[in-house]
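Participant: If you want the building blocks of each chain, they are given just below.
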Amino acid sequence: MTVADTAALVADAAGETPRRHPVAGPAPLRRRGGLAKYLGLTPFALYVLLFLAIPTVLAVGTGFFSEDGSFTFANILGIFEPAVLATFGSSFWVSAVTAVAGALVGALVCYAMLGTKASGALRTIVDSATSVLAQFGGVMLAFAFIAAIGGQGLITLWLIDTVGVNIHENGVWLYQVPGLLPVYFYFQVPLMIITFLPALEGLKSQWAEANATLGGTRWTYWTRIAGPVLAPSFIGSLLLLFANAFSSYATAAALISQGSQIVPLQIRSALISETVLGRENMAGALALGMIVVMVVVMWGYSVLAARTSRWQR
Amino acid sequence: MSRASKLAGPVRLGLAPGNVTRWIILGVVAIVFAIPLLSLLEFSLRDGFTGDYTVIHWTGLFDPENARPYRQLFQAIGNSFVLAAVAVGIVLVVLLPTMLLVHMSFPKLRRVLEFICIIPITVPAIVLVVGLAPVYSVVVRIFGSGTWTLAFAYGILVLPYAYRAIQSNLDGVPVVTLSEAARSLGASWPVVVWRVLLPNLRRGVLAAAFITVAVVLGEFTLASLLNRRNLQTAILQVSQSDPWVAAILALLALAFAFVLLLVIGRLGTVGNRSTS
Amino acid sequence: MTDTQALRTAAWPTEPAASLGITPATVELDAVVKQYGAHRALDGISLQLEPGEFVALLGPSGCGKTTALRALAGLEAVDGGSIRIDGDDVSGLPTNKRDIGMVFQAYSLFPHMTVLENVEFGLRMRKVAAAERRERAQEALDLVGLGERGERFAHQLSGGQQQRVALARALVTRPRVLLLDEPLSALDAKVRVQLREQIRRIQTDLGITTLFVTHDQEEALAVADRVAVMREGRIEQIGTPEELYVTPATPFVADFVGLSNRIPGVLTAGTIAAAGATFALLGDAQPDGPVLAYVRPEDVVLDVAPKGKGLAATVVASSFLGSLRRTTVRLDDGVLVAVQHEVAVQPNPGDAVRIGFRGNPVSAVPAP
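Protein chains in written order, with my numbering: chain A, 100 to 412; chain B, 953 to 1228; chain C, 123 to 490.
Derived by calculation from the structure, the hints in this document are not laboratory data.
Check before you lean on any hint, since a few could be wrong.
Stated by the list, open to error - Derived pair list, reagent style SDA-like, types lysine to any residue, alpha-carbon separation capped at 25 Å:
{"#": "1", "chain 1": "A", "residue 1": "Lys-303", "chain 2": "C", "residue 2": "Gly-380"}
{"#": "2", "chain 1": "B", "residue 1": "Lys-1060", "chain 2": "A", "residue 2": "Ala-144"}
{"#": "3", "chain 1": "C", "residue 1": "Lys-312", "chain 2": "C", "residue 2": "Asp-210"}
To be verified - For the chain B half of the interface with chain A, some residues (derived, Cβ under 7 Å), not all of them:
{"#": "4", "residue": "Gly-961"}
{"#": "5", "residue": "Leu-965"}
{"#": "6", "residue": "Val-1046"}
{"#": "7", "residue": "Gly-1096"}
C-beta: ideal position from N, C-alpha, C; glycine also.
All chains, full assembly: derive it from the sequences and hints.
Facilitator: Structure representation (structure tokens):
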């Protein structure tokens, strides 16, 4: 849920001009001189400082200090130990797999929605359903999947009864890293639909018509025109999905009660047990690692979003 | 002459899928996505580990006789609503005035404000919580250890969504012109804000409020790792002793969020129709 | 206006234009019907284009002109009638096999391709080799005056430049028919005038059969060999611009093409008595009775001399339009008449003047 519904927001920041009232270009209304007029901004500034800036700095900074308060790179280097690297690896592959799967299925659903009326019933239902399901993460979703494909799940039992196949034959994998895959997939697809549908709708009908009048076929339309035009948006959405899965904690925490198989769970261990490989400031180092990954991915997303909005002006 | 109808139109041009394709895709996806929800419902109706079904879990939840064992649960739910209210308060009292101020008096700072409101996406809750623990030890010293103080951090989490909801409304309203007109007619600044600007920003403010509630009700990470009790941590905890109630709560929370988001969607379309 | 008049009065070329190798085709729409539910967008319209001819489809929004063009292009299916290009029935052919060139109103350039790649696209679809593709595309760009901009992208060009690229792209494949769907409507006024003349010049050079849809009557009159005025899915009148202007067949055409005064009068045996003058009736015979006569402002004469000849009137308002003036006067019986006259005469509101009529035949409609 952490990254849901952010497409337009980041695109706005990336340079697309939002619709604004033509006369809203504001001139400063107060001519009080000097710093006095900035007074009105202090509550917000203070609030952000206290609850965003300082925690972020602390989160990142504690990684550079050891328990006795001395500056050290030991925690940062600790990231490169095989156990921790494996955790990052798990996080990467879970995020990547669910991002790709979610992107493909989401794009397919968006394709199926092409040509429907913007104010029609189908669209409204899909809009509401996707906004709810994209937020439907964490504990509630974990339970839903336990109820569906857990040891006593509805589908598990139904499969045993009808086809005689026990999906948990070799142990219940739902409560381990592979179990994250279908669960993450469940909120990745709605997020993809939310972020990618506007791009598909931005395809101008004149392009398809021009393609036809110039002798092209449906194939040439999708491979030479729609495909390339949608590519930045598709990859951007893919990155967004990756970031979403990578930063997800609640779902994994609900399914995997113990252990640190992925980075957010590793942070949990570091915070709660305080003895991860004997370095309790590991949480800070891990946080730094996560932020680096997130910054890179979100920067890539904003670049692609800017490109998309430029073409679909 | 409708043999020609297959040779023209959106399907032929590649603009839209054929009806059959469309409904197969949507149908399959809808079924797959309904399964976990239906399973949750089915589970909540199960009678223990027998094969029967019963509504006893549902009725039990609302039976006043069962209030005692569920007391902590209801307390946690109450906490969540208090947190939601305080978070909405922060949005209305801190974010909204700042956005208005920046929009009217500090246009150059708009980009800065936007950037600040995007940061919480790049710094997810699991990272933020690492640095919040020391901050909260100070907060507890000043405000006590009630759960409601968690709302301070929640206000940060919802910044991206609340900002966008209010800003898209703000962009469509001629704030400067309206306030200048009101001032020229003799209104003081409080009157301008209260009687002229806010009524026009109702849509965005409501949307921001509802999104905030939805986010707060679904929040788990901060509550869990800062050792507070809210709806989600309560669901997790109760699931160990009474998984059926956990399932019911999950369904109810989901339904509530659905209603909220439906209303937000409606607010959006109502506004769009009138501005064209 | 003289340029386009000269272009128009010359016979259109019957030799195929060698430079782009276009063989112009005949186009025939025969009783074409298009139905959207209960609404008949095209009500059995028939139209014929000679090879190399430039025909404009003119009409208000919703009259079906764009539907007719799109039916010809194959972008809309028809429910009745037939469409023939060079004698071949194309109703069964999808758009991409009809060998047409089409310019849309806006947004039709592919945004991810350079201008040159856009223009090459049709050639690529026809599997033309790369070197020849590039050469022909460059030629087409030179033709529209954008030879230097091949490496630009659509969003880097102005609206007028984009439409010129769209034109080059449509022409480079040497189609037998060129279709233009309100190509100038989204452009600024000045660009519109320049571009329409350029389009007309290119069309004449190449001799390609062209159908041009517009709602702007000045535009249609300025560029077309013939103009078809459409209303509610039917063609009201088709003829040269002069025919439409001077001898409108119906009141709708008289109203839509150019300005008209509607002056109440009485029709008796083919002659209308209105505002103290007599006019011959234009068009089909009508039953006698009270009518409204359509008189052009330039057919009304204004006399500001104190003891002038003609009907008494009072000036209501006068507008300076650059090369002429248009003055509205009120007759004694309250009827308002617009008069077009030279700039030197400058009436003021309230002046007492006199008006007369040149007496050309006028069309009329029964008075409501």
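Participant: Would you mind marking each hint as holding or not holding in the structure?
Facilitator: Here's how the hints hold up against the structure:
1. Distance check on the hinted pair: Lys-303 (chain A) and Gly-380 (chain C) sit about 35 Å apart at the alpha-carbon level, beyond 25 Å; violated.
2. Using a Cα cut-off of 25 Å, the hinted pair Lys-1060 (chain B) and Ala-144 (chain A) holds, with the two alpha carbons roughly 16 Å apart.
3. Under the criterion of a C-alpha separation no larger than 25 Å, the hint pairing Lys-312 (chain C) with Asp-210 (chain C) is inconsistent with the structure, at around 40 Å.
4. Because the smallest distance between the Cβ of Gly-961 (chain B) and any Cβ of chain A comes to about 10 Å, over 7 Å, the interface hint for this residue is violated.
5. For Leu-965 (chain B), the suggested interface contact is upheld, since its CB lies about 4 Å from the closest CB of chain A, less than 7 Å.
6. The beta carbon of Val-1046 (chain B) comes within 5 Å of a beta carbon in chain A, closer than 7 Å, and the hint placing it at the interface holds.
7. Restraint check, Gly-1096 (chain B) versus chain A: the minimum CB separation of about 17 Å is more than 7 Å; hint violated.
Of the numbered hints listed earlier, those contradicted by the structure are 1, 3, 4 and 7.
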